[in-house]
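Residue numbers (numbering that gives the first Met the number 0), protein chains in the order written: chain A, 0 to 193; chain B, 0 to 193.
Hints may contain errors.
Stated by the list, open to error - When the alpha-carbon atoms are kept at most 27 Å apart in a straight line, the in silico DSS-like pairs for lysine-lysine are as follows:
1) K80/A with K102/B
2) K140/B with K79/A
3) K9/A with K20/A
4) K9/A with K102/B
5) K102/B with K102/A
6) K79/B with K9/A
7) K79/A with K20/B
8) K79/B with K20/A
9) K110/B with K39/A
What the hints assert, rightly or not - Here are the simulated distance ranges between beta carbons:
10) D172/A with K39/B: 21 to 31 Å
11) G49/B with P115/A: 45 to 55 Å
12) F157/B with D172/A: 29 to 39 Å
13) E5/B with V18/A: 22 to 32 Å
14) G168/A with V18/B: 21 to 31 Å
15) R118/B with G185/A: 44 to 54 Å
16) T184/B with G168/A: 50 to 60 Å
17) R94/A with A137/B: 17 to 27 Å
18) N192/A with S166/B: 30 to 40 Å
19) A182/B with K110/A: 19 to 29 Å
No lab work stands behind these hints: they were computed from the structure.
Backbone N, C-alpha and C fix where the C-beta goes; we use that ideal spot for every residue, glycine too.
Residues per chain are reported as follows:
Number of protein chains: 2
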Amino acid sequence: MKYLEERIRKEGIILPGNVLKVGHFVNQQIDTELLREMAKELHRLYRDEGVTKILTIEASGIALAAAVALEMGLPMVFAKKNASSNVSGDVYTSRVTSYTHHKTYDVIVPKEYLSPDDRVLIVDDFLAMGNALLGLIAIVKAAGASVAGCGIIIEKGFQEGGNILRSAGVRVDSLAIVDTMNAETGEITFRENP
Amino acid sequence: MKYLEERIRKEGIILPGNVLKVGHFVNQQIDTELLREMAKELHRLYRDEGVTKILTIEASGIALAAAVALEMGLPMVFAKKNASSNVSGDVYTSRVTSYTHHKTYDVIVPKEYLSPDDRVLIVDDFLAMGNALLGLIAIVKAAGASVAGCGIIIEKGFQEGGNILRSAGVRVDSLAIVDTMNAETGEITFRENP
Numbered sequence: 000m001k002y003l004e005e006r007i008r009k010e011g012i013i014l015p016g017n018v019l020k021v022g023h024f025v026n027q028q029i030d031t032e033l034l035r036e037m038a039k040e041l042h043r044l045y046r047d048e049g050v051t052k053i054l055t056i057e058a059s060g061i062a063l064a065a066a067v068a069l070e071m072g073l074p075m076v077f078a079k080k081n082a083s084s085n086v087s088g089d090v091y092t093s094r095v096t097s098y099t100h101h102k103t104y105d106v107i108v109p110k111e112y113l114s115p116d117d118r119v120l121i122v123d124d125f126l127a128m129g130n131a132l133l134g135l136i137a138i139v140k141a142a143g144a145s146v147a148g149c150g151i152i153i154e155k156g157f158q159e160g161g162n163i164l165r166s167a168g169v170r171v172d173s174l175a176i177v178d179t180m181n182a183e184t185g186e187i188t189f190r191e192n193p
Numbered sequence: 000m001k002y003l004e005e006r007i008r009k010e011g012i013i014l015p016g017n018v019l020k021v022g023h024f025v026n027q028q029i030d031t032e033l034l035r036e037m038a039k040e041l042h043r044l045y046r047d048e049g050v051t052k053i054l055t056i057e058a059s060g061i062a063l064a065a066a067v068a069l070e071m072g073l074p075m076v077f078a079k080k081n082a083s084s085n086v087s088g089d090v091y092t093s094r095v096t097s098y099t100h101h102k103t104y105d106v107i108v109p110k111e112y113l114s115p116d117d118r119v120l121i122v123d124d125f126l127a128m129g130n131a132l133l134g135l136i137a138i139v140k141a142a143g144a145s146v147a148g149c150g151i152i153i154e155k156g157f158q159e160g161g162n163i164l165r166s167a168g169v170r171v172d173s174l175a176i177v178d179t180m181n182a183e184t185g186e187i188t189f190r191e192n193p
């Protein structure tokens, strides 16, 4: 999405350590006109895929999931993160390590929210190493459901997640793919979308 | 909202300890048609209040905040919860104790997301003791901004939060107010809305 790339170029803040701050319009304070456009684009990309449910992980994927679910007229579910390893009850869980936050946690979805009939569009704000998405995919598979694809706002193309997922045959649609970013010059280059 | 009350009566699960489970259609798995209706109703209630921003707290308020913000054409912000007391940087914080989860945490909003010009509609899924809302109101006031009101999905009318807020002069609009619920019989009574 050209408009998203322009906003990132103009308003994104690059910090040392490959951190891209877009919290003031993408994921903590959210520009809802941009959110609506992103939801429309993911709807366009997945309208013929037989999607039955939108799945994300708390907290910064939820606004996008709600917008996409509203746009597509589908229910949404968000997975919870739990630092404790004591997860009980009728839930699917998957262990995820976040390199950004240097934490390991369990991703948890109650079993009643996913069924073998579901075809799931997973959405999230960022794709870097891909661990959160791999955890969500494992949960969808554990439920016997299928993954239609992953819809992402910003993919860090210089990190491995996108390659790992696409090599495994997972469809990934990132609305902007950052190929390089330079904390000193503030320069960002985007991958041309096919 | 009569439709919301009917859904709660039909699908809500009452557990001992005054717990009302509506996770499968209100706050973890979300029925987006219901979400849209709730957002439209809060829009109707606050359309003439000069609201500039929607504020909520992670995680289960975010979907409602996104839907209301999309409906009203306004930006939204969610406050983060942090169990650690080491909060640094340019942020507003407020200490909150959750009686439901037996935890104390800091509610955090970066200062750049609230300004004295803002008139804020706070939304959340549940109102029980009111502590999360009081924390958000404290943050809005610390920013020099004003609170237009609090839009809530389900208020537990038999707990103190609603009274505390309304006695303090805060406008509170709850789409359903549960006055009594009985874990043994499954019976729920709702307060008549004015």
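Comparing the hints with the structure gives:
no., hint, in the structure
1, K80/A with K102/B, "16 Å, holds"
2, K140/B with K79/A, "30 Å, violated"
3, K9/A with K20/A, "12 Å, holds"
4, K9/A with K102/B, "40 Å, violated"
5, K102/B with K102/A, "20 Å, holds"
6, K79/B with K9/A, "25 Å, holds"
7, K79/A with K20/B, "16 Å, holds"
8, K79/B with K20/A, "16 Å, holds"
9, K110/B with K39/A, "31 Å, violated"
10, D172/A with K39/B: 21 to 31 Å, "30 Å, holds"
11, G49/B with P115/A: 45 to 55 Å, "49 Å, holds"
12, F157/B with D172/A: 29 to 39 Å, "47 Å, violated"
13, E5/B with V18/A: 22 to 32 Å, "47 Å, violated"
14, G168/A with V18/B: 21 to 31 Å, "42 Å, violated"
15, R118/B with G185/A: 44 to 54 Å, "34 Å, violated"
16, T184/B with G168/A: 50 to 60 Å, "51 Å, holds"
17, R94/A with A137/B: 17 to 27 Å, "37 Å, violated"
18, N192/A with S166/B: 30 to 40 Å, "55 Å, violated"
19, A182/B with K110/A: 19 to 29 Å, "23 Å, holds"
Checked against the numbered hints listed earlier, the structure breaks hints 2, 4, 9, 12, 13, 14, 15, 17, 18; every other hint is satisfied.
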